[in-house]
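K.L.:
Below are the chains, spelled out letter by letter.
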Amino acid sequence: EAQVTQNPRYLITVTGKKLTVTCSQNMNHEYMSWYRQDPGLGLRQIYYSMNVEVTDKGDVPEGYKVSRKEKRNFPLILESPSPNQTSLYFCASSPRSGGLALEQFFGPGTRLTVL
Amino acid sequence: QKEVEQNSGPLSVPEGAIASLNCTYSDRGSQSFFWYRQYSGKSPELIMFIYSNGDKEDGRFTAQLNKASQYVSLLIRDSQPSDSATYLCAVNGGYGQNFVFGPGTRLSVLP
Numbered sequence: 458e459a460q461v462t463q464n465p466r467y468l469i470t471v472t473g474k475k476l477t478v479t480c481s482q483n484m485n486h487e488y489m490s491w492y493r494q495d496p497g498l499g500l501r502q503i504y505y506s507m508n509v510e511v512t513d514k515g516d517v518p519e520g521y522k523v524s525r526k527e528k529r530n531f532p533l534i535l536e537s538p539s540p541n542q543t544s545l546y547f548c549a550s551s552p553r554s555g556g557l558a559l560e561q562f563f564g565p566g567t568r569l570t571v572l
Numbered sequence: 169q170k171e172v173e174q175n176s177g178p179l180s181v182p183e184g185a186i187a188s189l190n191c192t193y194s195d196r197g198s199q200s201f202f203w204y205r206q207y208s209g210k211s212p213e214l215i216m217f218i219y220s221n222g223d224k225e226d227g228r229f230t231a232q233l234n235k236a237s238q239y240v241s242l243l244i245r246d247s248q249p250s251d252s253a254t255y256l257c258a259v260n261g262g263y264g265q266n267f268v269f270g271p272g273t274r275l276s277v278l279p
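Protein chains in written order, with my numbering: chain A, 458 to 572; chain B, 169 to 279.
One thing to keep in mind: the hints can contain errors.
Here are some chain A residues pointing at chain B (derived, C-beta under 8 Å) [as the list claims (entries may be wrong)]: (1) L500; (2) Y505; (3) V509; (4) T512; (5) R553; (6) A558; (7) Q561; (8) P565.
Label pairs and their calculated CB-CB ranges [what the hints assert, rightly or not]: (9) B:I186 to A:S554: 27 to 37 Å; (10) A:P552 to B:S220: 15 to 25 Å; (11) A:D495 to B:L278: 26 to 36 Å.
Hints were generated in silico from the structure; no laboratory data involved. Built from N, CA and C at the ideal position, the CB exists for glycine as well.
Build out the structure end to end from the sequences listed, making use of the hints.
P.N.:
Printed below as a string of structure tokens:
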């Protein structure tokens with residue numbers, strides 16, 4: 458089954474304790490992305506990657522790191538989480554296109570609480 | 169800062185009516201436009217995408233794009249209670265650029 462998986466689905470942690478949220482897709486997509494979703498603010502892009510070893514900042518990259526060492530994986534790293542990073546996080550992937558952006562496929566989401 | 173705006177709602181329509189959802193965007197260079205549906209606590213799922221000015225129909229859904237007015241809309245005909253969800257408008261300037269989402273419009277279809 459074609460899908461985007463995220464782990465963990467739920468996480469409660471404390472301020473300053475480094476964490477990683479994994480994202481993996483089995484559709485051979487070049488484009489992968491991380492979003493956070495907060496009430497009233499919609500989905501905001503954190504980082505995205507067009508291919509292995511190529512990453513770019515989205516609208517809200519502060520406090521986050523990413524890496525793309527393999528095509529299928531795109532982990533999100535919070536080196537020192539703070540309470541304002543409490544949010545619902547989505548990973549998404551999209552196939553490569555010649556010019557126009559194509560549909561994104563979203564993972565199930567990770568609900569993160571930072572105390 | 170690229171912006172996408174939507175009425176937050178809630179938009180309430182009776183079952184069987186037409187629901188009209190609107191979205192405006194600030195970046196004139198935007199090329200791809202997407203409508204996603206999101207049920208509470210779930211991930212967004214694509215309803216339609218549109219690239220060219222005009223209308224695009226898929227079943228009960230019609231997307232309308234007017235690049236001159238920087239406006240994209242989604243019409244849902246014969247609305248069903250199962251259509252009750254939040255509808256997200258997303259805009260992109262081309263492959264390799266970031267996606268910008270609107271805050272979403274909550275739709276409630278009343279039986």
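K.L.:
Does the beta carbon distance between I186 of chain B and S554 of chain A stay inside 27 to 37 Å, or does it fall outside?
P.N.:
This hint holds: roughly 32 Å between Cβ atoms.
K.L.:
Is the interface hint satisfied for P565 of chain A? The criterion is a beta-carbon contact with chain B at less than 8 Å.
P.N.:
holds, 6 Å
K.L.:
Against the range 15 to 25 Å, how does the distance between the Cβ atoms of P552 of chain A and S220 of chain B compare: consistent or not?
P.N.:
holds, 20 Å
K.L.:
Let's test the interface hint: is any C-beta of chain B closer than 8 Å to that of A558 of chain A?
P.N.:
OK, holds: A558 of chain A within 8 Å of chain B, min 4 Å.
K.L.:
Holds or violated: the hint that L500 of chain A contacts chain B, with Cβ atoms closer than 8 Å.
P.N.:
Interface hint status for L500 of chain A: holds (4 Å vs cutoff 8 Å).
K.L.:
Regarding the hint that V509 of chain A lies at the interface with chain B, is the smallest CB-CB distance below 8 Å?
P.N.:
violated, 14 Å
K.L.:
Taking the CB of D495 of chain A and the CB of L278 of chain B, does the distance hold inside 26 to 36 Å?
P.N.:
This hint holds: roughly 28 Å between Cβ atoms.
K.L.:
Given R553 of chain A as an interface hint, is its Cβ closer than 8 Å to any Cβ of chain B?
P.N.:
Result: holds, 7 Å to nearest chain B Cβ.
K.L.:
Verify the interface restraint on Q561 of chain A: the C-beta must sit less than 8 Å from at least one C-beta of chain B.
P.N.:
holds, 7 Å
K.L.:
Next item in the hint list is Y505 of chain A. Is there a CB on chain B closer than 8 Å to its CB?
P.N.:
holds, 6 Å
K.L.:
Closer than 8 Å between Cβ atoms is the bar; does T512 of chain A clear it against chain B? Give me holds or violated.
P.N.:
Where the cut-off is 8 Å and the nearest Cβ of chain B is about 12 Å from T512 of chain A, the hint is violated.
When each numbered hint is compared with the structure, violations occur for hints 3 and 4.
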